[in-house]
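Protein chains: 2
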Amino acid sequence: MLQACDSFLLCFLFSLPKAVKRRINALKQLQVKCAHIEAKFYEEVHDLERKYAALYQPLFDKRREFVTGDVEPTDAESEWHSENEEEDKLAGDMKSKVVIAEKEAEAAEEPAPRGIPEFWFTIFRNVDMLSELVQEYDEPILKHLQDIKVKFSDPGQPMSFVLEFHFEPNDYFTNSVLTKTYKMKSEPDKADPFSFEGPEIVDCDGCTIDWKKGKNVTVKTIKKKQKHKGRGTVRTITKQVPNDSFFNFFSPLKASGDGESLDEDSEFTLASDFEIGHFFRERIVPRAVLYFTGEAIEDDDNFEEGEEGEEEELEGDEEGEEEDDADASLKV
Amino acid sequence: MLQACDSFLLCFLFSLPKAVKRRINALKQLQVKCAHIEAKFYEEVHDLERKYAALYQPLFDKRREFVTGDVEPTDAESEWHSENEEEDKLAGDMKSKVVIAEKEAEAAEEPAPRGIPEFWFTIFRNVDMLSELVQEYDEPILKHLQDIKVKFSDPGQPMSFVLEFHFEPNDYFTNSVLTKTYKMKSEPDKADPFSFEGPEIVDCDGCTIDWKKGKNVTVKTIKKKQKHKGRGTVRTITKQVPNDSFFNFFSPLKASGDGESLDEDSEFTLASDFEIGHFFRERIVPRAVLYFTGEAIEDDDNFEEGEEGEEEELEGDEEGEEEDDADASLKV
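Line by line, the protein sequences are chains E and S. To convert, note that position 232 of the first sequence is 232 in this note's numbering; the numbers rise steadily by one, no gaps. Just add 332 to wherever you are in the second sequence, counting from 1, and you've got this note's numbering.
Misleading hints may appear alongside valid ones.
Stated by the list, open to error - Within a straight-line C-alpha distance of at most 25 Å, the following computed DMTMM-like cross-link-like pairs (lysine to aspartate or glutamate) qualify:
(1) Lys28(E) to Asp524(S)
(2) Lys51(E) to Asp486(S)
(3) Lys483(S) to Asp379(S)
(4) Lys40(E) to Glu375(S)
(5) Lys51(E) to Glu519(S)
(6) Lys185(E) to Glu79(E)
(7) Lys547(S) to Glu500(S)
(8) Lys350(S) to Asp524(S)
(9) Lys40(E) to Asp486(S)
(10) Lys522(S) to Glu79(E)
(11) Lys40(E) to Asp393(S)
(12) Lys475(S) to Glu450(S)
(13) Lys40(E) to Glu614(S)
(14) Lys21(E) to Glu404(S)
(15) Lys365(S) to Glu264(E)
(16) Lys475(S) to Asp393(S)
(17) Lys185(E) to Glu519(S)
(18) Lys33(E) to Glu376(S)
(19) Lys33(E) to Asp524(S)
(20) Lys360(S) to Glu282(E)
(21) Lys185(E) to Asp379(S)
(22) Lys190(E) to Glu411(S)
(23) Lys365(S) to Glu164(E)
Derived from the structure by calculation, the hints contain no laboratory data. This structure is a prediction, so every number in the text was calculated from the model and none was measured.
Given the sequences, and given the hints that come with them, work out the whole structure.
Below is the structure:
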């Protein structure tokens with residue numbers, strides 16, 4: 001068994017003959033060139049993503065139509081045989097409760113709902129990262145959310161993507177679409193080329209929400225008493241202050257701009273925002289139904305528990321694992 | 333704040349009206365179609381990787397020539413100005429030790445070494461995942477390792493990659509190249525299409541090492557005393573048994589084949605092997621010099637510490653961080 005020690009390593013490097021150090025520097029120069037080739041690779045991957053976005057779109061359009069109820073799936077389109085044993089097992093456990101619930105639903109004889117009611121709102125409720133942002137007063141607004149789309153930047157343009165939140169007409173704001181744009185960078189940093197690991201989100205932009213009168217949940221009005229210094233009289237003034245709300249997602253901090261650097265709290269807020277944007281793009285939009293049913297949430301939990309320096313998913317090392325695919329395969 | 337509870341979620345799903353369940357099933361069908369499109373996306377990414385492998389190769393060839401000493405870098409090729417403050421700071425701390433070490437080196441007046449001696453062996457020593465496998469008797473053999481190459485499968489062929497370990501002529505075996513082939517799969521599992529997350533390593537193949545007489549470190553000879561049941565006489569027999577060695581990497585278990593499934597220990601061994609193969613391909617071969625100097629090891633450590641459900645790297649949330657790039661950017 002060998003062991004590496006940092007200071008040992010540095011000492012070893014510095015003690016190397018000059019001719020060898022020179023060759024190591026030459027390798028470092030080559031490594032910087034590799035990083036620039038890698039940046040081009042990721043640009044081409046982005047082009048591929050754009051190409052595939054167009055291939056997914058007809059399926060996502062169909063999804064939207066089924067969700068809103070604009071189109072009813074045919075019998076063939078809605079066939080589904082669960083091959084997931086766990087689901088069936090749980091289904092068994094739930095059976096009694098379910099029968100009651102179904103009977104209650106039938107008894108109520110509510111009119112058949114259109115599409116899949118509260119589809120996107122349910123996803124917000126199921127995903128911790130989002131539900132943490134949603135306030136009670138956001139809920140009735142989010143129930144009007146009808147679709148989320150990801151749009152990639154055009155070829156030749158700076159790398160970015162836009163999240164489009166499509167709303168049906170509602171009592172809260174007049175916009176039919178709210179947007180959040182994430183700007184990316186895919187080039188090695190001059191000062192630290194070796195840290196390059198592919199595109200990064202580096203900044204984002206929100207949009208103006210045209211709130212209807214008295215409906216803006218991102219501000220609240222507070223009353224404040226003011227005492228006149230000389231006369232001692234008291235007057236009450238009202239003041240608008242920021243209010244917690246998911247809709248602050250559309251008024252993000254700016255990462256860059258006036259050269260002033262952000263404080264630590266702001267850095268953290270921005271990093272969380274980037275993470276959410278990435279999550280919408282990579283997980284929620286591509287596999288919305290699985291976040292609606294909860295199937296994807298279980299997968300994400302498993303994903304987070306594993307060691308992931310190399311994104312591996314080691315399986316078969318826990319007895320009684322919930323997953324039924326306990327093989328040795330490595331996701332790369 | 334909203335919260336989701338698994339059983340609540342299932343109950344909610346089962347209690348939905350039949351017409352809504354039908355639409356959810358239709359979305360699931362669409363989701364399976366998405367998974368198959370995604371599989372094609374990853375095949376195209378693999379094609380891109382093959383294309384870029386050819387672009388990296390001239391740089392890797394130069395690296396090999398500098399490492400072996402076949403070619404000496406020019407002055408321009410070996411210029412390097414460290415812009416990494418941390419490195420300089422540490423360099424300062426080390427200065428006294430280094431000066432001594434350099435003086436000692438000069439005093440010894442050893443002949444100038446050829447290339448970068450023990451380049452690949454040093455990487456094995458620096459990377460925990462590898463050093464754990466290396467036994468003392470493996471070390472002199474690994475000092476003859478001159479290059480590691482990754483070769484991707486040809487277009488139209490089943491997805492795979494080969495790791496080639498190139499050795500200079502040595503006293504241990506006659507092979508000049510040892511190979512390890514990793515077979516991948518990029519298609520959704522029929523029984524569980526939603527778990528698809530891109531190509532997986534599903535199996536691997538080693539190679540035969542033509543050991544010179546008495547040099548095979550992967551077996552050891554043990555002596556065993558046997559007592560004759562009837563006569564009571566004792567004789568000593570010798571027996572060859574497996575021996576711990578890095579070179580067992582070239583005699584992996586088989587994941588598939590005769591339909592028998594592996595036990596849990598074997599699953600784990602195989603999963604570790606896949607992880608190592610993936611690490612060679614994704615990290616060590618593309619950025620070998622950084623594992624030689626230790627720069628990449630620090631990055632990997634940071635990488636492993638972070639939460640990585642979405643591969644994010646949150647920065648700026650720790651005071652006195654070692655990294656000097658404490659911005660909010662998200663690696664995606």
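Now the hints, each set against the structure:
1. Taking the CA atoms of lysine 28(E) and aspartate 524(S), the gap is about 44 Å. The hint is violated against a cut of 25 Å.
2. Our distance criterion of 25 Å between C-alpha atoms is met by lysine 51(E) and aspartate 486(S), whose separation comes to about 23 Å.
3. The straight-line distance between the Cα atoms of lysine 483(S) and aspartate 379(S) is roughly 12 Å, inside the 25 Å bound, and the hint therefore holds.
4. Proposed proximity of lysine 40(E) and glutamate 375(S) is supported: the alpha carbons are some 18 Å apart, at most 25 Å.
5. In summary, the hint linking lysine 51(E) to glutamate 519(S) is supported, as the alpha carbons are separated by about 19 Å, within the 25 Å threshold.
6. Among the hinted pairs, lysine 185(E) with glutamate 79(E) is inconsistent with the structure: their alpha-carbon atoms are about 43 Å apart, more than 25 Å.
7. Of the pairs offered as hints, the one joining lysine 547(S) and glutamate 500(S) holds, with about 16 Å between alpha carbons and a cut-off of 25 Å not exceeded.
8. For the hint pairing lysine 350(S) with aspartate 524(S), the CA-to-CA distance comes to about 24 Å; that is within 25 Å, so the pair holds.
9. For a cut-off of 25 Å, the pair hint linking lysine 40(E) to aspartate 486(S) stands: about 22 Å separates their Cα positions.
10. Taking the CA atoms of lysine 522(S) and glutamate 79(E), the gap is near 15 Å; set against the 25 Å cutoff, the hint holds.
11. For the proposed pair lysine 40(E) and aspartate 393(S), the alpha carbon gap of about 20 Å is at most 25 Å, so the pair holds.
12. For the hint pairing lysine 475(S) with glutamate 450(S), the CA-to-CA distance comes to about 5 Å; that is within 25 Å, so the pair holds.
13. A threshold of 25 Å between alpha carbons decides the hint, and for lysine 40(E) with glutamate 614(S) the separation of about 17 Å falls inside it, so the pair holds.
14. Distance check on the hinted pair: lysine 21(E) and glutamate 404(S) sit about 12 Å apart at the alpha-carbon level, within 25 Å; holds.
15. Under the criterion of a C-alpha separation no larger than 25 Å, the hint pairing lysine 365(S) with glutamate 264(E) is inconsistent with the structure, at around 43 Å.
16. The straight-line distance between the Cα atoms of lysine 475(S) and aspartate 393(S) is roughly 19 Å, inside the 25 Å bound, and the hint therefore holds.
17. Only pairs whose Cα atoms come within 25 Å are accepted, and lysine 185(E) paired with glutamate 519(S) is rejected, the gap being roughly 30 Å.
18. Restraint check for lysine 33(E) and glutamate 376(S): the C-alpha separation of about 24 Å stays at or below 25 Å, so the hint holds.
19. For the given pair, lysine 33(E) sits about 41 Å from aspartate 524(S) by alpha-carbon distance, which is inconsistent with the 25 Å threshold.
20. The hinted pair formed by lysine 360(S) and glutamate 282(E) meets the criterion: a straight-line CA distance of about 18 Å does not exceed 25 Å.
21. Taking the CA atoms of lysine 185(E) and aspartate 379(S), the gap is near 23 Å; set against the 25 Å cutoff, the hint holds.
22. Between lysine 190(E) and glutamate 411(S) the alpha-carbon distance is near 15 Å, which keeps this suggested pair within the 25 Å criterion.
23. For the hint pairing lysine 365(S) with glutamate 164(E), the CA-to-CA distance comes to about 23 Å; that is within 25 Å, so the pair holds.
Violation of the numbered hints given earlier is confined to hints 1, 6, 15, 17, 19; the remaining hints are satisfied by the structure.
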